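Colleague: Chain by chain, the residues:
Protein chains: 2
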Amino acid sequence: MLNPADDALAARLPKGVLRPITPAYLEEPRRRLTGQAGLVAAPRNVDEVAAIVRACAKARVGIVPRGGGTGLVWGQILPQGPAPLILSLERMTALRGLWPEENVLIAEAGMTLQAVRDAADAAGRLFPLSLASQGTAAIGGCLSTNAGGVTALRYGTARALCLGIEAVLPDGRVVHDLKRLRKDNTGYDLRDLLIGAEGTLGIITAVSLRLVVPPPNIGVAMLQVPGPEAALTLLSLAEGRMAGGVTAFELIAGQSLAFLAEVLPDIRQPLPGAPWSVLIEVGLPEGLPAAAALEGLLGDAMERGLVLGGVIAQSGQQAADFWHLREHIPEANRLIGAIASHDISLPLSEIAGFIRDAGAALAARGDMRVNCFGHLGDGNLHYNLFPARGRVRGDYDALRGDLSDLIHEMVVARGGSFSAEHGVGRLKTGELDRWGDPARLAAMRAIKTALDPLGIMNPGAVLSATAGQAAPADGPDRS
Amino acid sequence: MLNPADDALAARLPKGVLRPITPAYLEEPRRRLTGQAGLVAAPRNVDEVAAIVRACAKARVGIVPRGGGTGLVWGQILPQGPAPLILSLERMTALRGLWPEENVLIAEAGMTLQAVRDAADAAGRLFPLSLASQGTAAIGGCLSTNAGGVTALRYGTARALCLGIEAVLPDGRVVHDLKRLRKDNTGYDLRDLLIGAEGTLGIITAVSLRLVVPPPNIGVAMLQVPGPEAALTLLSLAEGRMAGGVTAFELIAGQSLAFLAEVLPDIRQPLPGAPWSVLIEVGLPEGLPAAAALEGLLGDAMERGLVLGGVIAQSGQQAADFWHLREHIPEANRLIGAIASHDISLPLSEIAGFIRDAGAALAARGDMRVNCFGHLGDGNLHYNLFPARGRVRGDYDALRGDLSDLIHEMVVARGGSFSAEHGVGRLKTGELDRWGDPARLAAMRAIKTALDPLGIMNPGAVLSATAGQAAPADGPDRS
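Chains S and A, in that order, give the protein sequences. Residue numbers are given in UniProt numbering: position 319 of the first sequence equals residue 319, and the series is strictly consecutive. Residue numbers are given in UniProt numbering: position 117 of the second sequence equals residue 117, and the series is strictly consecutive.
No lab work stands behind these hints: they were computed from the structure. Note that the structure is predicted; figures quoted are calculated from it, not measured. Beta carbons are placed, not taken as given, at the ideal position from N, Cα and C, and that holds for glycine. Be aware that a few hints might be false.
Here are some chain A residues the structure puts well away from chain S; computed CB gaps all over 10 angstroms [unchecked claim]:
{"id": "1", "residue": "I21"}
{"id": "2", "residue": "A24"}
{"id": "3", "residue": "R30"}
{"id": "4", "residue": "Q36"}
{"id": "5", "residue": "V104"}
{"id": "6", "residue": "A119"}
{"id": "7", "residue": "E303"}
{"id": "8", "residue": "L362"}
{"id": "9", "residue": "L432"}
{"id": "10", "residue": "A442"}
Across the chosen pairs, the derived CB separations fall in these ranges [what the hints assert, rightly or not]:
{"id": "11", "chain 1": "S", "residue 1": "L95", "chain 2": "A", "residue 2": "D395", "range": "31 to 39 angstroms"}
{"id": "12", "chain 1": "S", "residue 1": "P438", "chain 2": "A", "residue 2": "D7", "range": "28 to 36 angstroms"}
{"id": "13", "chain 1": "A", "residue 1": "R30", "chain 2": "S", "residue 2": "G316", "range": "36 to 44 angstroms"}
{"id": "14", "chain 1": "A", "residue 1": "H324", "chain 2": "S", "residue 2": "G299", "range": "46 to 54 angstroms"}
{"id": "15", "chain 1": "S", "residue 1": "G16", "chain 2": "A", "residue 2": "E409", "range": "51 to 59 angstroms"}
{"id": "16", "chain 1": "S", "residue 1": "E331", "chain 2": "A", "residue 2": "D357", "range": "50 to 58 angstroms"}
{"id": "17", "chain 1": "S", "residue 1": "E27", "chain 2": "A", "residue 2": "P29", "range": "52 to 60 angstroms"}
{"id": "18", "chain 1": "A", "residue 1": "G97", "chain 2": "S", "residue 2": "D395", "range": "41 to 49 angstroms"}
{"id": "19", "chain 1": "S", "residue 1": "R44", "chain 2": "A", "residue 2": "R44", "range": "43 to 51 angstroms"}
Some but not every residue of chain A turned toward chain S, in silico, with C-beta under 10 angstroms [as the list claims (entries may be wrong)]:
{"id": "20", "residue": "L153"}
{"id": "21", "residue": "G196"}
{"id": "22", "residue": "L284"}
{"id": "23", "residue": "P285"}
{"id": "24", "residue": "E286"}
{"id": "25", "residue": "A319"}
{"id": "26", "residue": "L406"}
{"id": "27", "residue": "A413"}
{"id": "28", "residue": "G416"}
With the hints as extra help, turn the sequences into a complete structure.
Modeller: This is how it looks when you write it as structure tokens:
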């Protein structure tokens, strides 16, 4: 149902871009919050995006850009305030070009990450960004949120894999900067500013991406370690031996395995009951078989007491099984039902101390289970709290906010971040206000005002609402 | 000699920061232009930097930040207009911390790149950024200009090696963001915005840097190739075999070798007279000797006709000799005396065509010598023009501007950049105005105005002077 203001705006849009609104446009993955309904526009090309942005500027209607909708911090939904226009990139899915000899691919923003990876693969190349949600996540959203995933240790986050962008600025101007260049020092880094801005400074409509030649020898192992500190020493040892060849280094807590055994018992566990284990993947040069390299590492590490045992995958299927286990930890978490989740990063040398101290502090607050796992090589942990056995999520409603504050305080005190890879969205604007560097926040607000003086681009995301903007609701959970 | 305005400003500065002005503060490396004299202030800490910036804002005096002074595009000198305050980072040279287990180092901006590299080395780590001028270049300047160098192929430019910054904004506020984190998605990427802004948005006073464990097996070879196209196919082959292990891939023209033979005859040449050659460095894992890997590559490449012959360094000394040759090409160029130099980048698949077409177009303009060499793996060439034998630089004065325009036009037409790694400074603002994307330029100006409304930060650099700012002189040469 359109209101009169919607009618006026709809009349100004390019023909054929409006789509019927469905609940899917108003959802976020954890279904804890629903967005405001409004117009849904799905442009077919960058000129239509620009026309929509200009029309919204004229009508003073906020724009919520939407890719695959897989973001976890409510950047893709506007729960309160005036109805926005939802700008879906779902029709801009073209592969604009692929240059295998340059290791470059240009994709439109609505292409899924999986489709980008498949296109690279078909040309004998690898686009290394890899996330659990890659079948749905749009590449434009991955860039807008600077997505991380399991290969950031080796290849960096999405930002490091982007050579150039095409984007529509809040005034409707189009930045044409889809360069296929590794080096270009001609002025301010507008690309990296729009990457990670979560749609608040403009809409990324296409991206030029860096590909790599897949490593000839790939190996995967799961290793039981005495604890997080030993895991980090093992990482350092592995990096020293592998010369940049460590692709992934994931920490898995005993609690992760216990949850998997409880709710996904069909998943095979190579190290059942291990209190701490690590999944390592290496990608090595011609002439160096991965199994031999991993055996060398394992021997060295066991001698030093860094590894208690382990399994080196003997086939591609076994390697895939190890990854299957790792990738189903979030699903097991969902089935158990978290009290609160935290996407944190820490300086590597602070991790072991944080895990120890946070565990002790939480134990003093009440009976609960902690599942601490994730991208240890990046210092990025998912530190999630669950009800004690026999209790339910609702039992902790009164505690939830305090628990998250406690975790975030301990993280920030050790020089860490309260959002390592998920972004700020609308869920964590309060945290950013509280813990962000004041001078940096002031500069962010100055940039926002300079580029989007009307405040129409994804209003209320990243920067908390100021006068004239509606504050988003405090949702029922912290992700 | 101070003028009355200087006196008033000087009185507002922190005690003891003023330094006597010497010609060194007004020079750029090629000595084609001299900066305006003004006050020179050398603060000892970030608070003094902030106090100086606030005093200059109050007095409306422009600030020219200065690191090692090695920039090649006049970003460090203000040749015209009101006398600036030269803010030298020469006293801020402390190593604030080094965490080998995290692969992180925090340095003050005035520390030289060599000192940073040495500090990492002493801890068994490598800071990979490597430039000919690293003994003088300050790390703050390297970041402010997003320096490139010979290892960007593997490790990225300076931007990719920086985890966090401390910086003074144009209003005197201090951004404290010296994070030791690989992942931190909490808002706009102010770090990457200040990196490469050449001091026009603020002054970087300290940086948190990413180190790596040095690869266990390092190998260097010089290989003669049939031409640039074969060199690029060789690069692709090498990257496929080495799994990210190619550290450097430098193109050397026959003209480079001829100049070296002419003016630096003591430098040993392993492939004398080779019309095109490549210097490749690899850094490989434990268990894979570099010489064996290079021999495997060489055999494969010779079979495919990509390499005509070559020498694999048999010792560290021989490897150092090969690099010695490569690093003295700029010195040979200086001794010969260029008509014009160009720091360009191109999509890799455009390079061979550009070299062919540009050579033909220049031949039609007159008799001259072309020295085309550089970081081929990054698509970054130094394409420099020299007088024909028996003629001198001055003979080409009338042609110079047209020649550079021709080169830059051909580069831009192929999707390339007129400044790959040196930046814009004051030398290339005209090129940026001409070839920069208009929407991107408008956004850059909006950001500049938002963060530096008084226009005091390195006035006239990057963005050409607008009303109220003095235009820098068109110097006698393009670098």
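Colleague: Compare the structure with each hint and give your call.
Modeller: Status of the hints after comparison with the structure:
1. I21: holds, 29 angstroms
2. A24: holds, 25 angstroms
3. R30: Holds, since 18 angstroms exceeds 10 angstroms.
4. Q36: A:Q36 is indeed farther than 10 angstroms from all Cβ atoms of chain S, at 24 angstroms.
5. V104: violated, 7 angstroms
6. A119: holds, 17 angstroms
7. E303: The claim stands: A:E303 keeps its Cβ more than 10 angstroms from every Cβ of chain S (closest is about 15 angstroms).
8. L362: The claim holds: A:L362 sits with its nearest Cβ about 23 angstroms from chain S, beyond 10 angstroms.
9. L432: violated, 6 angstroms
10. A442: Non-interface label on A:A442 violated, nearest chain S Cβ at 6 angstroms vs cutoff 10 angstroms.
11. S:L95 to A:D395: 31 to 39 angstroms: violated, 51 angstroms
12. S:P438 to A:D7: 28 to 36 angstroms: Distance hint for S:P438, A:D7 holds at roughly 34 angstroms.
13. A:R30 to S:G316: 36 to 44 angstroms: violated, 56 angstroms
14. A:H324 to S:G299: 46 to 54 angstroms: Between A:H324 and S:G299, where Cβ atoms are some 39 angstroms apart, the hint is violated.
15. S:G16 to A:E409: 51 to 59 angstroms: violated, 40 angstroms
16. S:E331 to A:D357: 50 to 58 angstroms: holds, 55 angstroms
17. S:E27 to A:P29: 52 to 60 angstroms: holds, 58 angstroms
18. A:G97 to S:D395: 41 to 49 angstroms: holds, 44 angstroms
19. S:R44 to A:R44: 43 to 51 angstroms: Because 58 angstroms falls outside the window, the suggested range is violated.
20. L153: holds, 8 angstroms
21. G196: It holds, given that the least Cβ distance between A:G196 and chain S is near 5 angstroms, below 10 angstroms.
22. L284: For A:L284, the interface hint holds, since the closest Cβ of chain S sits about 5 angstroms away, which is under 10 angstroms.
23. P285: holds, 4 angstroms
24. E286: Interface hint status for A:E286: holds (4 angstroms vs cutoff 10 angstroms).
25. A319: violated, 16 angstroms
26. L406: Hint violated; A:L406 Cβ to chain S Cβ min 19 angstroms, cut 10 angstroms.
27. A413: violated, 14 angstroms
28. G416: Holds, because the Cβ-Cβ distance from A:G416 to chain S comes to roughly 7 angstroms (cut-off 10 angstroms).
Hint compliance for this structure: hints 5, 9, 10, 11, 13, 14, 15, 19, 25, 26 and 27 are not met, and every other hint is.
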